[in-house]
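Residue numbers (the numbering used here), protein chains in the order written: chain A, 1 to 214; chain B, 1001 to 1478.
I should point out that these hints are in silico values taken from the structure, not numbers from a laboratory.
Quick reminder that beta carbons are idealized off the backbone N, C-alpha and C, glycines included.
Hints may contain errors.
No more than 30 Å apart at the CA atoms, straight line, and that leaves these computed lysine-lysine pairs for DSBU-like [what the hints assert, rightly or not]:
(1) A/K6 x B/K1354
(2) B/K1185 x B/K1331
(3) B/K1458 x A/K6
(4) B/K1469 x B/K1377
(5) B/K1173 x A/K133
(6) B/K1087 x A/K133
(7) A/K134 x B/K1090
(8) B/K1087 x A/K134
(9) A/K38 x B/K1209
(10) B/K1414 x B/K1470
(11) A/K141 x B/K1090
(12) B/K1458 x B/K1411
(13) A/K140 x B/K1090
(14) B/K1090 x A/K38
Far from chain A by the CB rule (all over 12 Å, computed), these chain B residues [as the list claims (entries may be wrong)]:
(15) S1009
(16) S1021
(17) L1052
(18) P1079
(19) E1093
(20) L1166
(21) V1316
(22) E1330
(23) C1337
(24) S1339
(25) K1354
(26) T1379
(27) L1387
Take a look at the letters that make up each chain.
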Amino acid sequence: MSARKKTLLKVIVLGDLGVGKTSLMQQFVNKKFSHQYKATIGADFLTKDLTIDNKTVSLQIWDTAGQERFQSLGVAFYRGADCCVLCYDVTNEKSLNNLSSWKDEFLVQSNVSNPQDFPFIIIGNKIDVDESKKIPSLQKKLLNITNNQLGGLNYPLFETSAKDSINVETAFENVARMALQQEELNGASRNDMNDDYHDAINIHLENDNSGCAC
Amino acid sequence: MSLKNEIISKVLLTTEQYKGSFAAFRTAVLQNEYTSTNPNFSRLLIWKLCFLTETLNIPSWELKLLASRAVYQLLRSNPEMNVPWHKLDKDNEFYQPNASKLIPNTVAHPLTRIHDVQDDPLSAKTAPDDLQKKNNPVQTDSELLDAIILDVQRLFPGEDYFHNGLDAAFAAKRQLITILYIWCKCNPTVGYKQGIHEILGLIYLNMIKESVSLTNTTDCTADDMMILSLYNLQYLEHDLFALFNRFVVSSGIVAAFYETEQLLMRSIESFNGLLMKVDQLVHYNLITKLRLDTPLWIIRFLRLLLLRELSNDLEVASLLWDKLVAAELEKPIGQTCLSDMIICMIVVMLVHLKTELMLCDFSEALSLLLHYPITTKMTVYPDFMNLLFRDAHNLHALRDKDLKLYEYGIKLNKMYNSKIKVNFGASNGSTPSSPGVLSPKASLEMPSKADTRAAKLKFEKNRLEMRLKKRAQEMINQ
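All chains, please: the whole structure from these sequences, using the hints.
Structure below.
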């Protein structure tokens, strides 16, 4: 069984409230769209199995609340992430401008070992809406944001519509691929905690008092 | 007229049933006796009596209502509280030209100003600017309004009342937005936090259902009017504001779950502590074994007072909230009760989920917690909501007595998890669960702190065997 061990990949979806994080995830995982998503409170969590280059991976996707920056709580949420998806709404300029603060927040909280080349991906959602409602000269603004030499967001960029299912699959396949690379880079050790078929011996029994000390 | 008569008769019969004793009325609510199966049931009566008038003595309602309504009237007339509808995009459905040119909502009988109001939201001390900014870095007035509108638009998606496209739905949403906006302006240290909109939403739905318009009341006597005043549609917004404020502020909900992250963390810690006292095994399994940090799943449970966890049927949550409202009045002055009650309820919910959680890995456990299997639970226990409240209420009463909590935990397990056998601290002679069909009759040994490494490995071995069996069973069933 361990020869065909599934690789677990943790993906965090961030972005301002109302940009469509829940819709994107639902479209990708359950292939459905509804106008009826409630505001996400705290966080939600979905998993989906994919095959990437003949390798089965299990994507754990974390949907977060747009209003929260979580601050100290972020540590629990972001720990062990293999890829971070930064979302904005193509009709909402503020959500675009906030991308870099979401990125910073993630890096501060997650404490990843390679902040310089940690895999981020940017998704601009709601491209189905009328052209007149979109951010004026979006491409130029995007270029500014992604190519800014000082802390620019020079990351793969996808424009999607969760509503019409445009580009969602492609975007998340890329997410999975990037996450897999990151995971291989960092070694698989930390994901063992999520798969207890393999850790019957390796369990951290010696420090089990710490959890009960509260 | 018939609707008004119905209200009057319900109220009078209820008063008579409890012989005018407010305490007896509240006890009936708490003990699941005054519910929708009672022909005289009125939820509006419970909520407004408990949170606004605090008495069954009808003649004294008028003054209390007047006082509470006057507070909101005063707030609405304060220019600082004007909702900046005119700053919205012109194509926003809520856009309105500058309000200062319009006459504010006038009320037929002008309200007189009342002084010495206890719960005046304006009296809340304003925090220093920097604290305010830290907790609430977002918002200019228009940003505040935008955030509120965004959430009110997606409030209870399945609920026809808000989404049928009719004028009433639009007016309802505008009312909700107004109340939230004013509340946020009154509570600048909290500001708008996602989730409070849903609490207000459920209060709204329940209150609008029973409210009546009193524009044509020529055939009502003065006595009738004293009763009907409680149900007056004209003051729906006023009363909603007061109810909401009681529900989230005086109850400790905002302070414990919303206001600052430190306080939220403290509430989560207090949940962890209580869970360990009541059921060590659930605590060990989640926190030590699966290393599933509580904040990952508990925030929504806490902030929405279990509204989303307890089925999609808002009636179920409302039924629970009836009891919460009545329980809130039990607290000694100056203490909070509701926020603690919620924590006790979540502990009980986990005890109910014990068997399932034992068989989960990290991802499965998290999915299970974030999508609490309430339908299954309610099939097994049709009375689930009432049991949950009763058990939590008992836990709450014992919360400072560790030994009693431990004993109550054993009692809960006897009631709900009699099929799991747990041997605390035993380190030899375990019987692996019977082979073949996976039965919930599993035997797990709980390693205690004093245990040897061997015992812990045995715990782990049994657990893994159970999991493998579950997996195998799933594959066979497929």
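Hints versus structure:
no.	hint	result
1	A/K6 x B/K1354	holds, 27 Å
2	B/K1185 x B/K1331	holds, 28 Å
3	B/K1458 x A/K6	holds, 26 Å
4	B/K1469 x B/K1377	holds, 23 Å
5	B/K1173 x A/K133	holds, 24 Å
6	B/K1087 x A/K133	holds, 18 Å
7	A/K134 x B/K1090	holds, 16 Å
8	B/K1087 x A/K134	holds, 19 Å
9	A/K38 x B/K1209	holds, 22 Å
10	B/K1414 x B/K1470	holds, 23 Å
11	A/K141 x B/K1090	holds, 24 Å
12	B/K1458 x B/K1411	holds, 26 Å
13	A/K140 x B/K1090	holds, 26 Å
14	B/K1090 x A/K38	holds, 25 Å
15	S1009	holds, 38 Å
16	S1021	holds, 39 Å
17	L1052	holds, 28 Å
18	P1079	holds, 27 Å
19	E1093	holds, 14 Å
20	L1166	holds, 17 Å
21	V1316	holds, 17 Å
22	E1330	holds, 28 Å
23	C1337	holds, 22 Å
24	S1339	holds, 16 Å
25	K1354	holds, 17 Å
26	T1379	holds, 24 Å
27	L1387	holds, 25 Å
When each numbered hint is compared with the structure, no violation occurs for any of them.
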